Every structure is written in structure tokens, then in C-alpha cells.
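Throw the hints in and build the complete structure from the sequences for me.
2 protein chains.
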Amino acid sequence: MTTASICTIGDEILIGQITDTNSAFISKALGKIGIKVVHMASCSDSNKDIISTVKRCLRMSDVVITTGGLGPTKDDITKNALMKLSGSTRMVRSRKQMEIIKNILISRGIQMLDINRMQADVPDKCKVIPNKIGTAPIMQFTFPKEMFGRENMLFSMPGVPFETEEAIPDVIAAIQAHYKLDKIFHRTICTFGIAESVLSKKIEDWENSLPQNLHLAYLPNPILGVRLRLSIYGTTQKEGEEELDRYSSSLKEILGDAVYGEGETNPQTVIGELLLERGATVSTAESCTGGYLAHLLTEIAGSSRYYWGSVVSYDNSVKINTLGVSTKTVEKYGVVSSQCVKEMAEGVRKKLGTTYSIATSGIAGPGGDTPEKPVGTLWMAVSGPKGTVTSTIVSKSTRAINIERFAASALDLLRRSLISGKI
Amino acid sequence: MTTASICTIGDEILIGQITDTNSAFISKALGKIGIKVVHMASCSDSNKDIISTVKRCLRMSDVVITTGGLGPTKDDITKNALMKLSGSTRMVRSRKQMEIIKNILISRGIQMLDINRMQADVPDKCKVIPNKIGTAPIMQFTFPKEMFGRENMLFSMPGVPFETEEAIPDVIAAIQAHYKLDKIFHRTICTFGIAESVLSKKIEDWENSLPQNLHLAYLPNPILGVRLRLSIYGTTQKEGEEELDRYSSSLKEILGDAVYGEGETNPQTVIGELLLERGATVSTAESCTGGYLAHLLTEIAGSSRYYWGSVVSYDNSVKINTLGVSTKTVEKYGVVSSQCVKEMAEGVRKKLGTTYSIATSGIAGPGGDTPEKPVGTLWMAVSGPKGTVTSTIVSKSTRAINIERFAASALDLLRRSLISGKI
Numbered sequence: 562m563t564t565a566s567i568c569t570i571g572d573e574i575l576i577g578q579i580t581d582t583n584s585a586f587i588s589k590a591l592g593k594i595g596i597k598v599v600h601m602a603s604c605s606d607s608n609k610d611i612i613s614t615v616k617r618c619l620r621m622s623d624v625v626i627t628t629g630g631l632g633p634t635k636d637d638i639t640k641n642a643l644m645k646l647s648g649s650t651r652m653v654r655s656r657k658q659m660e661i662i663k664n665i666l667i668s669r670g671i672q673m674l675d676i677n678r679m680q681a682d683v684p685d686k687c688k689v690i691p692n693k694i695g696t697a698p699i700m701q702f703t704f705p706k707e708m709f710g711r712e713n714m715l716f717s718m719p720g721v722p723f724e725t726e727e728a729i730p731d732v733i734a735a736i737q738a739h740y741k742l743d744k745i746f747h748r749t750i751c752t753f754g755i756a757e758s759v760l761s762k763k764i765e766d767w768e769n770s771l772p773q774n775l776h777l778a779y780l781p782n783p784i785l786g787v788r789l790r791l792s793i794y795g796t797t798q799k800e801g802e803e804e805l806d807r808y809s810s811s812l813k814e815i816l817g818d819a820v821y822g823e824g825e826t827n828p829q830t831v832i833g834e835l836l837l838e839r840g841a842t843v844s845t846a847e848s849c850t851g852g853y854l855a856h857l858l859t860e861i862a863g864s865s866r867y868y869w870g871s872v873v874s875y876d877n878s879v880k881i882n883t884l885g886v887s888t889k890t891v892e893k894y895g896v897v898s899s900q901c902v903k904e905m906a907e908g909v910r911k912k913l914g915t916t917y918s919i920a921t922s923g924i925a926g927p928g929g930d931t932p933e934k935p936v937g938t939l940w941m942a943v944s945g946p947k948g949t950v951t952s953t954i955v956s957k958s959t960r961a962i963n964i965e966r967f968a969a970s971a972l973d974l975l976r977r978s979l980i981s982g983k984i
Numbered sequence: 562m563t564t565a566s567i568c569t570i571g572d573e574i575l576i577g578q579i580t581d582t583n584s585a586f587i588s589k590a591l592g593k594i595g596i597k598v599v600h601m602a603s604c605s606d607s608n609k610d611i612i613s614t615v616k617r618c619l620r621m622s623d624v625v626i627t628t629g630g631l632g633p634t635k636d637d638i639t640k641n642a643l644m645k646l647s648g649s650t651r652m653v654r655s656r657k658q659m660e661i662i663k664n665i666l667i668s669r670g671i672q673m674l675d676i677n678r679m680q681a682d683v684p685d686k687c688k689v690i691p692n693k694i695g696t697a698p699i700m701q702f703t704f705p706k707e708m709f710g711r712e713n714m715l716f717s718m719p720g721v722p723f724e725t726e727e728a729i730p731d732v733i734a735a736i737q738a739h740y741k742l743d744k745i746f747h748r749t750i751c752t753f754g755i756a757e758s759v760l761s762k763k764i765e766d767w768e769n770s771l772p773q774n775l776h777l778a779y780l781p782n783p784i785l786g787v788r789l790r791l792s793i794y795g796t797t798q799k800e801g802e803e804e805l806d807r808y809s810s811s812l813k814e815i816l817g818d819a820v821y822g823e824g825e826t827n828p829q830t831v832i833g834e835l836l837l838e839r840g841a842t843v844s845t846a847e848s849c850t851g852g853y854l855a856h857l858l859t860e861i862a863g864s865s866r867y868y869w870g871s872v873v874s875y876d877n878s879v880k881i882n883t884l885g886v887s888t889k890t891v892e893k894y895g896v897v898s899s900q901c902v903k904e905m906a907e908g909v910r911k912k913l914g915t916t917y918s919i920a921t922s923g924i925a926g927p928g929g930d931t932p933e934k935p936v937g938t939l940w941m942a943v944s945g946p947k948g949t950v951t952s953t954i955v956s957k958s959t960r961a962i963n964i965e966r967f968a969a970s971a972l973d974l975l976r977r978s979l980i981s982g983k984i
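Taken in order, these protein sequences are the chains called A and B.
Residue 801 in this note's numbering is what sits at position 240 of the first sequence, and the numbering runs on without skipping anything.
Residue 787 in this note's numbering is what sits at position 226 of the second sequence, and the numbering runs on without skipping anything.
Some hints here could point you the wrong way.
Given that identical chains are not distinguished, each listed pair holds provided it fits within a single copy or across any two copies.
With a straight-line cut-off of 25 Å between C-alpha atoms, the simulated DSS-like cross-links for lysine-lysine are [what the hints assert, rightly or not]:
1) K597 with K616
2) K589 with K609
3) K597 with K635
4) K983 with K911
5) K957 with K663
6) K635 with K813
7) K589 with K635
8) K889 with K912
9) K693 with K762
10) K609 with K597
11) K957 with K763
12) K957 with K657
13) K762 with K635
14) K686 with K593
15) K911 with K813
16) K763 with K663
17) K635 with K763
Hints are computed from structural coordinates only; laboratory data are not their basis.
Predicted, not measured: the structure shown is a model, and the values here were computed from it.
Encoded structure:
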């Protein structure tokens, strides 16, 4: 099996001031063509560290992809390190990249400086893959077995995540042109609303029945729920897909409506599909989720076809004046109550004129708890032509995670209520 | 200088299905006590990989922190690998962790299973740091120089980010009790609205004047802008802080009102502080940012003191009916226009009764562009007692990044308008 390592370069990663999202993105792209990532590493912006880390990666795997350290500023030195490592003797200017740099600077109204021009220079031993949306080109090296113990391909990509995302198809194409690749096949079953340990117990017998070459992993996430990833190695595509079909069908039978989808989906995409099937629309009324529920729904391109808007009623005056929650309800039950979210959901549905609506009110923390309503309490409601359903959960986490879990739980209440026909 | 490595364990990381946020978090915590992270690595859930990667980390640095692979399910095998690596001979059950597991399961209404009990078992050579909010305990090992070439501390922490965040102070305390630590001091100057290369040119002379032991790094981010991090090594706290004071003052003088803050702040926190100083409130009217602007503002604990709410007007009917944008404006100028965002900002300010307001309307993409208004076009407005200011930008990125940059740019327009007294 062809293997790969990913090496992210930059003091800002080692010092923890940015979170590396490139590694996950690149790894997914490699996995799809059957390349197994066996190692990930991060190193500092120092010649010595870059060279020793990249060399180690080259000895551990066939393909190595680095990101970062290609900016126009003095702290970016990846190019010089790779010049040395590859045995290049001079820099050559890439005309194609130079054209792109010019156009980018013009469109941004920025004057061309020497440091911009120098971004088009690359070591003579590399092949350039132009970076269409950024100034730093992608460098591709191939090394014979004599250099690092195996025949290697090395790619140096930019650190800016969306530039790496844009360029990855070209890198993947270059890898496919070079190697005869084995296959790995994955299937991910997405569940929401069952804790990891309960899930594990529930599918214990099924898990014990899996063949040797089929691997199961649990991937818990506040928004996506617990996803179960099945991976199969050493088969043809047809055999692999058949095995995955068989085992994922029996898994879905065990888990019932806790399963919301398969693969790279998420709850808000599934809800969008359910609404489009019905020609229906939805609106939201949010207190504790503070716009995050609206954000999850509008993250999806094309969501304007079914999502009409939100009233974020952070202050109680907005709940009363804009959503029409009665003062009596607020006084008698408080805003974190079944009664209040019911009125919020019904209010926004009427005001915005949508088929369905979702409302949230809770205590995201860190402050604001009472004996009856601890931090992490959420009341949520979904409303539709057949009526309104309310529900509550307690999430024991940080403010940020509580907000995520609140929004995801409210989406899940809508999904289950749409499927069961309760609203 | 005492050094550390961070090793994240899990197939889900190597396969790219989750993004590792633990490494950045842990690294920040280590940096604060003067420990330099020299290496980060990720490895798969296999005994061989865990042992070889952790051993390499132990040889490269004094402290090693691993996260992940401690769940109750079969694919989590870190504990067995560390049992072997540490030369432990048996598992012992931690009473303290067992108590915590019991309470967590009770509070979640989950029945105790054998796999839950086994989470309290640890190798006999380790010391337990209880995980107060999760089921997997933190394991602390100390190894003599004979084992890996230097005296080491090894900590195994859970993979769930908020559990790691909760437990890190205890780990830091254990490290401080063991080592006599050198110091590194950092200072971060946060800027918004200047491109990295322009910024670099602007501060070139200043940068060239920095002493050898003062290192500068550029950290670009769509929401936080370009942050400039100064790090100083090999000084006393007093000397270090004085040097950082001197160089950051001269830097701020060069950059003027592009600087919005220092350290671990963000634009929405700075805006919150400006509003609280004035006893003022703010509301938002969002189209293309779809609730994300509201989310940024409400991410901050205590934001309910100045943030009253948002009308997310994703559908034009909401702009007209709820925000009071005139049909004529929509027909004549379109919704992505100075005129429309002006009416949105003024509409929401009046409707929600706040001192100030922010409005956004644009094209986040990928579809929806016209020759006059390309994808990535944003119109934004801020309104206050003195009037309304509008502005536009074009962001050439993905939908997700465009939404982030749109929201951050609108916040920056409010910040600059508040400071200049224009609204």
C-alpha cells in the first residue's frame, strides 16, 4: 500500500496559536485515492527542524506533503530548506506563478514588491504546480530510492487552508500519474442522540462479527453526533462496496432513527433535503444559541431555498416585542422553559410565514445557573402545521460546546419530528 | 530550556475525519510556563505506532503529552501500549476515577457497564490525575534517563477536547512541581484590515531593528486579522516585559488604528468593551452572514449586557416585512447594495431599540454572482445616534471563509466607527 506523511511547518503551529486544519483536509483527499496516511508531524520555522522532519517523513512513507512556511515574510523559510534537502543549486522564477501573483495584487489594489516577486522563485530541482488563488506556488519533487531509502514524491503546499484546498486536486492528479495505487474503502454511518458507550454496547454482537480486514472507528462530535466509520482493506472496489453495504445495512437496522445519514453529511444538510422534498420552509427563534443555529443552516450553499431567517432574541424585550412571547409566560415560567420556547417557535413561524420553525432557550454558561435549571440546560421547540413539540437536555460542557450541542440537538428534534410526522 | 512534544493518537486523525485542536491548546498552556514545544506528531490506533511514536517523542524532548485512544471502545488501545512502553506489569483500578465515572453515568442516566468500569484501570507504573468531567483518567509517568536518554515526564490525556482543557491545569502543575523552568515571553499585537505583505513592508525597518533574541511571527486569520507575535527568550521576566513593551509600543505607533488589541483578544471582545464603556447596546441585521455575526458576538460570555439580538433576513420577505427595507430599494439597487444595508441597519436599530446596529448583505458563494457584483462582494452598514456609515469589500475565498471574513469586516467597521465617533 502506498503510504504518505503530512508535515505542517510553522512556529505558529508549535506554539499553539493556530490550529492545523490542513492535515485533516489533505489526509481525506489522500484516503479517497487509497493512500494511507501513516504519520503526521509539525515542526518549527527552522532550517534544521524542517530538514530533519521532512527527511524522517520521506524515510517513513512514499509520499510527503508539507504545508506552510511559504509566505512573503522573513519567518517563512521552507523553500530554502527544501532547496538544500533536494540538492538544488539555484532558484528559478516560475513565469506562470508570476502572472498569477501580478493578477492577485492588481485585484487587491496592492503594489508589487520584491518580496512578492520572490514568491515565484523555486529550487531548480522542482516542478511547479501553480497556486491559482494565492501567491506561493506548489513545489513538486521526486527523489530516487538512493536518497531516502524509497522512491519518494514530495509536495510543498501553502499554509493558508483555502489555497491548499484549491490546489489539492492538482497534487492528487500528480500522485495518481506516478503510482499504481491500492484501494481502501470507507463508509461512515452518522448517528445523533446516543452516547458512545451506549452505542458500543448496543452494537457489540455486530462488532464482534466483523471480518479481520474491516475496521470500525467511533468519531464523536457535538454537532455531528457519533459517526461510525467502517474501513475495508485488501479487496477490489466491488467486493469492498458489497461488504460495506452488507455490514452498514445490518448496523442501520440495529440503530433505527438514531441514524441520520451516511458519509460526509451533517444534520443541517439532511434537514435541507427533507424540507426540499416537501417543498417546505423553516425559520428559527434563538436565545442561548445566539445565531449559531441560523449559521449551521446557512453554512449550506443553497439553503436560501428553504431557510427564511431567524430572530435572535438575546434580550427578553426581543422575545416579547418581536416574537410575541407573553409577559405572563416569562414571569411565571421563566425564559428557559417549555412554555417560552413553544411561544417563540410559534411566534417566529407566524411572523416569518414558514412551514416549520425551531426555537431554543437555555443557559450556555459559564454563569446563570439556578438549582432547578443548571448551566447547560436547554429547552427547545419545533413547530409546524400539525402542532408544536418541546424537549429538554442538559449539556455539561464549556460555553462553546454547549452552544454547538444545543443547536445540533434542536436540529435533531426537527429531523425526528419531520420523520415521525408529529409536526 | 525544557522541551515538550505532543502526540495525538487516533485513526480518525490520520484519516482526516477530525481536526486536532488539542495540540494547539496544550501547546499554548506549555508555552505560558516557558516550555517550548519542539515537535508534534499524530499516529494511528496501533500498538506498534503508538509505542514507536511516543518513544521518538521521549527521545526528542523532556515532556511528552499524548491525547486520545482512551475511550471505552475496542479501537482505543493507548493504555495497553503505555503499559508495555512503561514496563508496567498489571492494571490497577483508580478509586477516585471510579467514583467520577459512577457520578457521570448517573447524571446522564446511563447504566454502568464493564467497559465503563475498565476505564478506571491504569498501568501500575503511573500516577493518576483524575479526569473530573470525563470517564478516562489522565496517566502520569516519570522515566529515568536510562530509559530514553533523558529524564522524562509522560502524560496521557483524553482525546475529547473539553476534557483535555479541563485537566490541563493539573498537568501543568505536575510539570511545574518537577522542573526548574526557563522563561519565554510572548506579546501579540492584533491588527485588522491590512494584508500580510503590505503589513510586512510597512514594518520592515522596525523588523530589521529587532534584537537577535526577539522573534516575530505573522499569524493571518479571517476573523482575527493578521496578528503579530513577538517572542523573547533568555531574559528575566522584568527585562523581557520591558523589551516587549518597547518594541510593541513602536509597532503600534506605526500601525495606528489598524491595531485593535493585544494578546488573546478578538474583535468581538474589543467591541464588547467599547460598548460597555459607553453603556451602549448593539443589534444586528444579517443576510449573507446568516447568523454568524450574531454568533461571534454571543460567543463572548456576558454579551447579553450589550447585545440585544439579530434579525437574520435570509429571505427578502424578511428584509421587507421585519426590517422595513423598502420594496423600491430592493428593486432599484438590489439587496447587495449600500442602500439596502443602510435601511437594514437603521431598521433593526429602531425595531430592537439599541444604541448601535450592524447590517450585512452580500454574496457568500459559490453561486449567485453577476458582472457588477462578483461572488465575495459584501455590503455592510453600521448605524448609531449620529448616522449611518456603509462600506464594501470583496473576499475571494470559499463560502465558509467568505462568511467569516464578512462578519469580521462588519465588526471592524463598527469598531473603527465607534472610535472615530462617526456614528
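**Item:** Hint check, failures only
**Value:** 14 and 15
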